[in-house]
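Student: Please put together the full structure from these sequences, using the hints given.
In order, the protein sequences belong to chains Z and P.
Just so you know, this note's numbering puts 308 at position 25 of the first sequence, and the rest follows in order with no gaps.
Just so you know, this note's numbering puts 393 at position 392 of the second sequence, and the rest follows in order with no gaps.
Everything labelled a hint here was simulated from the structure, so no lab data went into it.
Every value quoted in this text rests on a predicted model; they were computed, and no experiment measured them.
Ideal placement from N, C-alpha and C gives every residue a C-beta, glycine not left out.
Check the hints yourself; a few may be wrong.
Stated by the list, open to error - Rough simulated footprint, nothing fancy, chain Z against chain P, three-plus residues with beta-carbon under 8 Å:
# : region
1 : 79-90
2 : 94-105
3 : 177-186
4 : 192-206
5 : 362-375
What the hints assert, rightly or not - Pulled a few chain Z residues facing chain P out of the computed Cβ check, cut under 10 Å:
#  : residue
6  : A309
7  : F312
8  : G359
9  : V377
10 : M380
11 : N404
12 : L406
13 : E423
14 : C458
15 : N469
16 : A474
Each chain, letter by letter, is given below.
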Amino acid sequence: MPNRREFIQKLVRGSILAGLGLLSGALIFRSREEDGCGFDFACGSCSKAKDCNLPQARANTQMVWQLDPAKCIQCGRCATSCVLTPSAVKCVHVYAMCGYCDLCGGYFKPETKTLNTGAENQLCPTNAIKRRFIEDPFFEYTIDEPLCIGCGKCVKGCGAFGNGSLQLQVRHDRCVNCNECSIARNCPSEAFSRVPANNPSLLNGFGKEEMKGQNIKV
Amino acid sequence: MLILLAVQAMNALAVQRFPKPEFESGYVQPETLLPSPRTEILAVMDVFVLLASLSIVTWLVLKKRSRNGVFWMSLFSMIYFGFYREGCVCSIGSIQNITLALFDHAYVIPLTVMVFFILPLLFSLFFGRVFCAGVCPFGALQDLVAFRPQRLGSRLNAVLGLIPYLYLGLAVLYAATGTDFIICRYDPFVGIFRFNASFGMLLFAATLLVSGIFIARPYCRFLCPYGVLLNWTSRFSKRHLTITPSECIQCRLCENSCPYDAIDVPTPAKNPDSTRTRVKKLMLISLLIPVLIVACGWTGSRLHETLAGVSSKVQLAKEILAPVSGAAQTESFEIKAFRSSGKTASQAFSEANVILHRFYLGGWLLGGFIGLVFGLLIAGRMLTTFRTGYVPNKGTCFSCARCVDYCPVKS
Numbered sequence: 284m285p286n287r288r289e290f291i292q293k294l295v296r297g298s299i300l301a302g303l304g305l306l307s308g309a310l311i312f313r314s315r316e317e318d319g320c321g322f323d324f325a326c327g328s329c330s331k332a333k334d335c336n337l338p339q340a341r342a343n344t345q346m347v348w349q350l351d352p353a354k355c356i357q358c359g360r361c362a363t364s365c366v367l368t369p370s371a372v373k374c375v376h377v378y379a380m381c382g383y384c385d386l387c388g389g390y391f392k393p394e395t396k397t398l399n400t401g402a403e404n405q406l407c408p409t410n411a412i413k414r415r416f417i418e419d420p421f422f423e424y425t426i427d428e429p430l431c432i433g434c435g436k437c438v439k440g441c442g443a444f445g446n447g448s449l450q451l452q453v454r455h456d457r458c459v460n461c462n463e464c465s466i467a468r469n470c471p472s473e474a475f476s477r478v479p480a481n482n483p484s485l486l487n488g489f490g491k492e493e494m495k496g497q498n499i500k501v
Numbered sequence: 002m003l004i005l006l007a008v009q010a011m012n013a014l015a016v017q018r019f020p021k022p023e024f025e026s027g028y029v030q031p032e033t034l035l036p037s038p039r040t041e042i043l044a045v046m047d048v049f050v051l052l053a054s055l056s057i058v059t060w061l062v063l064k065k066r067s068r069n070g071v072f073w074m075s076l077f078s079m080i081y082f083g084f085y086r087e088g089c090v091c092s093i094g095s096i097q098n099i100t101l102a103l104f105d106h107a108y109v110i111p112l113t114v115m116v117f118f119i120l121p122l123l124f125s126l127f128f129g130r131v132f133c134a135g136v137c138p139f140g141a142l143q144d145l146v147a148f149r150p151q152r153l154g155s156r157l158n159a160v161l162g163l164i165p166y167l168y169l170g171l172a173v174l175y176a177a178t179g180t181d182f183i184i185c186r187y188d189p190f191v192g193i194f195r196f197n198a199s200f201g202m203l204l205f206a207a208t209l210l211v212s213g214i215f216i217a218r219p220y221c222r223f224l225c226p227y228g229v230l231l232n233w234t235s236r237f238s239k240r241h242l243t244i245t246p247s248e249c250i251q252c253r254l255c256e257n258s259c260p261y262d263a264i265d266v267p268t269p270a271k272n273p274d275s276t277r278t279r280v281k282k283l284m285l286i287s288l289l290i291p292v293l294i295v296a297c298g299w300t301g302s303r304l305h306e307t308l309a310g311v312s313s314k315v316q317l318a319k320e321i322l323a324p325v326s327g328a329a330q331t332e333s334f335e336i337k338a339f340r341s342s343g344k345t346a347s348q349a350f351s352e353a354n355v356i357l358h359r360f361y362l363g364g365w366l367l368g369g370f371i372g373l374v375f376g377l378l379i380a381g382r383m384l385t386t387f388r389t390g391y392v393p394n395k396g397t398c399f400s401c402a403r404c405v406d407y408c409p410v411k412s
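Tutor: The following block contains the structure:
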């Protein structure tokens, strides 16, 4: 026969245990009624689980931070807000969208008179964009990623005057995937969100389908 | 203004202004490389390492009774969860993920985060705070610098011990309203693990570590919100670290061995008060607690606008209502983003209103919770529990097993 204190302890321990069980059960099973595919909880063996956007399938995948270039206003805070220096956000060049312009809005400052690679003409503060002549009148622009600080100046120029092929993205080889992204907190346009880790990029103008045929390696 | 709006709109929608060129020189377009994140197998490994290290520390504390073992385990955890995993995901921060998942149905909580929240609590419910002893990297880091621990006295310990409850309440409030993850935001040690932090955070960490020389584990005792949960589960634990392997002989050798003031000393008499005073005390407590709950709840509800000021949506609404003087030339990025999003001002206001309302309710609950904790603290100090030997306080003991070596009774 246990004494009173032991009995109370046992009682409370049991109820805490039940509470924890209820909590985890509620969190795992709660979204089942809202929308499903008819095969709830077979996600582990489902061949479509990778492309599935249902919460059940997503619960099995890691979520990572990504910024949506469609919402981005290029305020420049990505360069300063990240817990890493330089930032995990970098400019990505979607070559498939590029117009290969001689007068590149992402490379040159707006008031530039001569189109050469002089430092005074460049928009990029760290000389991270390399300009290379391909054939008349086309120029190729590549990004030297270690130099890029993710300030978004080139993205702004390219979006305003060009095709918008320069886009900011969280680079997942650098991102440490903080529980709460400190750039997301400072982002004025709420462009940051969690996306499934198996499809971790959000490129503007290029959905998943469009990316397949292009020179984009995921 | 119209031109500005037009530029913004174009910005938002990438348009193919220039056609894709047709190259004649045989130029091949380079590939756009999109590196993929850390594989999921490693996340599963984190969970496995957590489970394994919890089990090993439990065995070391309860069976082996070895301080050395616990020390080496804590060093391992600091290296793995701290420097290798860079302090993320951690159990302390997972409180917020759990709360957000409970209140926001769109947020899908990863299973690994849930395991990180629940496993240490389960272990604490059965074996005491073994997580604090040798698995938490924050605790391990502070344990390393606790060279000259001083006694703080029970009163100071109790008052400072209220801070974690307030921190927990605020963290839950901000996570539940989807505003902010304040535990992660003001996490002092993650910057040390990453060798990269803002000056303010480094200063905070340095202050904690330097004061940690004299006040052992200041973050764990007087800040950690997860410690509150572990404290309460550990109080009802099935088994717990004991100072002596058999009967306490009251030799007082262990009295000063605990750097965390977590050893309860024997009480002189079984019932020091007369029945009359005990009834009086009980009546006072049962009156005091409801009064404190209502008073603190009311105070909390009064503060709801201040609390909601952290929310970016509320800030935006404020900015739209009363633009900062001279803002005509330099309007903030928030206002610019708001313009380009195409939302109307009334939409922004109603969003802010919803959040304000949530904070009003949350303010009452937070205040009530703090009142309850305060009341329980007073009650706990008024009532005494009878003890004949030196025992670790099941709530505040970190199960670090330092006291074990001081006990002359072996086996």
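Student: State for each hint whether it applies.
Tutor: Hint-by-hint comparison with the structure:
1. 79-90: Since three or more residues must qualify, the claim that chain Z covers the region 79-90 of chain P holds, with 3 doing so at under 8 Å.
2. 94-105: Satisfied; 7 residues make the cut.
3. 177-186: Per the Cβ count (4), the hint holds.
4. 192-206: holds (count 4)
5. 362-375: violated (count 0)
6. A309: Constraint on A309(Z) satisfied, holds at 8 Å.
7. F312: This hint is violated: F312(Z) lies away from chain P, its Cβ roughly 12 Å from the closest one there, beyond 10 Å.
8. G359: Holds - the Cβ of G359(Z) comes within 10 Å of chain P, reaching about 8 Å at its closest.
9. V377: Holds - the Cβ of V377(Z) comes within 10 Å of chain P, reaching about 5 Å at its closest.
10. M380: holds, 7 Å
11. N404: violated, 20 Å
12. L406: Since chain P brings no Cβ nearer than about 15 Å to L406(Z), farther than 10 Å, the hint is violated.
13. E423: Since the shortest Cβ distance to chain P is 8 Å, the answer is holds.
14. C458: Holds, about 7 Å.
15. N469: Since chain P brings a Cβ to about 9 Å from N469(Z), closer than 10 Å, the hint holds.
16. A474: holds, 8 Å
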